[in-house]
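Let the hints inform the model, and build the full structure from the sequences given.
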Amino acid sequence: MTDDSDSRARWRLIVLFVGGAMLGLLWEWLQFPFYLHEGGAGLIWSHVSFAAIADGLLLLLVYFAGWLRTRDDRWHAHPGAAGYATIGATAIVFALLSEAVGLYVVHGWSYAPAMPLVPGLRIGVLPLLGAVIVPLVVLRIVALTFDRRG
Amino acid sequence: MTTRQSVIRMGNLFAIPGFFLHPLLHWWVRNSPELETAMHGFVSPSISMRFFLAWLAEIAVLWIVGALIGFLAVRLRGGRDDHGRGERP
Numbered sequence: 001m002t003d004d005s006d007s008r009a010r011w012r013l014i015v016l017f018v019g020g021a022m023l024g025l026l027w028e029w030l031q032f033p034f035y036l037h038e039g040g041a042g043l044i045w046s047h048v049s050f051a052a053i054a055d056g057l058l059l060l061l062v063y064f065a066g067w068l069r070t071r072d073d074r075w076h077a078h079p080g081a082a083g084y085a086t087i088g089a090t091a092i093v094f095a096l097l098s099e100a101v102g103l104y105v106v107h108g109w110s111y112a113p114a115m116p117l118v119p120g121l122r123i124g125v126l127p128l129l130g131a132v133i134v135p136l137v138v139l140r141i142v143a144l145t146f147d148r149r150g
Numbered sequence: 001m002t003t004r005q006s007v008i009r010m011g012n013l014f015a016i017p018g019f020f021l022h023p024l025l026h027w028w029v030r031n032s033p034e035l036e037t038a039m040h041g042f043v044s045p046s047i048s049m050r051f052f053l054a055w056l057a058e059i060a061v062l063w064i065v066g067a068l069i070g071f072l073a074v075r076l077r078g079g080r081d082d083h084g085r086g087e088r089p
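So the sequence lines, in the order shown, correspond to chains A and B. Take 1 as the starting number for the first sequence in my numbering and just add one per residue. Take 1 as the starting number for the second sequence in my numbering and just add one per residue.
Don't read these hints as lab results, they were simulated from the structure. The beta-carbon is built from N, C-alpha and C at its ideal position, and this holds for glycine as well. Treat the hints loosely; a few may be bogus.
Chain B side only, calculated, beta carbon under 7 Å to chain A, not exhaustive [claimed, not checked]: (1) F14; (2) V65; (3) I69; (4) R75; (5) G78.
Some chain A residues flagged as far from chain B (calculated, every beta-carbon gap over 10 Å) [unchecked claim]: (6) A9; (7) W29; (8) L43; (9) H47; (10) F50; (11) L61; (12) F64; (13) W67; (14) G83; (15) G120; (16) R122; (17) V137; (18) L144.
Here are some of the chain A residues that sit facing chain B, going by a computed Cβ distance under 7 Å [what the hints assert, rightly or not]: (19) R10; (20) L36; (21) E38.
So, in structure tokens, the structure goes:
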């Protein structure tokens, strides 16, 4: 493990949140045709923006889960099999909970017929896939750019 | 305060109200059945396995949210003492 300044640790969290929200926004637009949309453009934008912010929070949660396991602020630079398992497990649990609550508790959104579903769960495959891909990509980019030193 | 102490303290701080929140909502829904419809079945109207699972899940989620806030608070404040290398004794 390597030393890490307080300022760097602070900026890393900000970069992770912003990176997660930006890539999350892109993913939300990619899976846009697989959701039913009611209301005007303003409502659609607010839904997509809310989902992008949730993706930013997911990044912080995944990073925190990795820190809990390793107590290392730069664990994402060399995650290993256990690190990838932590990312996948945290992302899938977060996505399953948020989709289940959004779909069946608060009825915040619904799927178009084209959305492929996880058998037996009535949860879409694409949001689960996005929840795993977005943190994997953002953490890798941050490790290769922001945390390239050491 | 170390990062670990902050994480545990904030996690517990959030989980303790969660311990009381679900039974309180449950009691509220039992006394106002129209709330069950309004909450789309979020709170189970009867004591059941679902009640206990939801109770535990709620406490766990609140603990994780609190712990994450505790972690972020230390890192964003820049007051941590472990500098990413694990806790010092």
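Hints and how they fare:
Hint status for B:F14 relative to chain A: violated, with the closest Cβ pair at about 14 Å, above 7 Å. Contact between B:V65 and chain A, as hinted, is not supported at the beta carbon level, the nearest pair being about 9 Å apart and thus beyond 7 Å. About 10 Å separates the beta-carbon of B:I69 from the nearest beta-carbon of chain A, more than 7 Å, and the hint is not met. This hint holds: B:R75 has a C-beta 5 Å from the nearest C-beta of chain A, less than the 7 Å allowed.
Because the smallest distance between the Cβ of B:G78 and any Cβ of chain A comes to about 4 Å, under 7 Å, the interface hint for this residue holds. With a cut of 10 Å on Cβ distances, A:A9 falls inside the contact zone with chain B, its closest approach being about 5 Å. Under the 10 Å C-beta cut-off, the non-interface status given to A:W29 relative to chain B holds; the minimum distance is some 27 Å. The non-interface label for A:L43 is consistent with chain B: the shortest C-beta to C-beta separation is roughly 20 Å, beyond 10 Å.
The non-interface label for A:H47 is consistent with chain B: the shortest C-beta to C-beta separation is roughly 18 Å, beyond 10 Å. Even its closest Cβ contact with chain B, about 17 Å, leaves A:F50 beyond 10 Å, as expected for a residue assigned away from the interface. Residue-level check failed: A:L61 sits 6 Å from the nearest beta carbon of chain B, not beyond 10 Å. Residue-level check failed: A:F64 sits 5 Å from the nearest beta carbon of chain B, not beyond 10 Å.
Listed as outside the interface, A:W67 is inconsistent with that label: its C-beta sits roughly 7 Å from the nearest C-beta of chain B, within the 10 Å cut-off. Interface exclusion of A:G83 from chain B stands, the closest Cβ pair being 15 Å apart, more than 10 Å. No beta-carbon of chain B comes within 10 Å of the beta-carbon of A:G120; the shortest separation is about 18 Å. With a closest Cβ-Cβ approach of about 15 Å to chain B, A:R122 is found to remain outside the 10 Å limit, as its non-interface label requires.
No Cβ of chain B comes within 10 Å of the Cβ of A:V137; the nearest lies about 21 Å off, and the non-interface call holds. Every C-beta of chain B lies more than 10 Å from that of A:L144, the closest at about 18 Å, which supports listing it as non-interface. Among the interface hints, the one on A:R10 holds; its C-beta lies about 5 Å from the nearest C-beta in chain B, closer than the 7 Å criterion. Against a cut-off of 7 Å between C-beta atoms, the interface hint on A:L36 is violated, since the closest Cβ of chain B lies about 17 Å away.
Hint on A:E38 is violated. Least Cβ distance to chain B is approximately 17 Å, over the 7 Å limit.
Violated hints, in rising order: 1, 2, 3, 6, 11, 12, 13, 20 and 21; the structure is consistent with all others.
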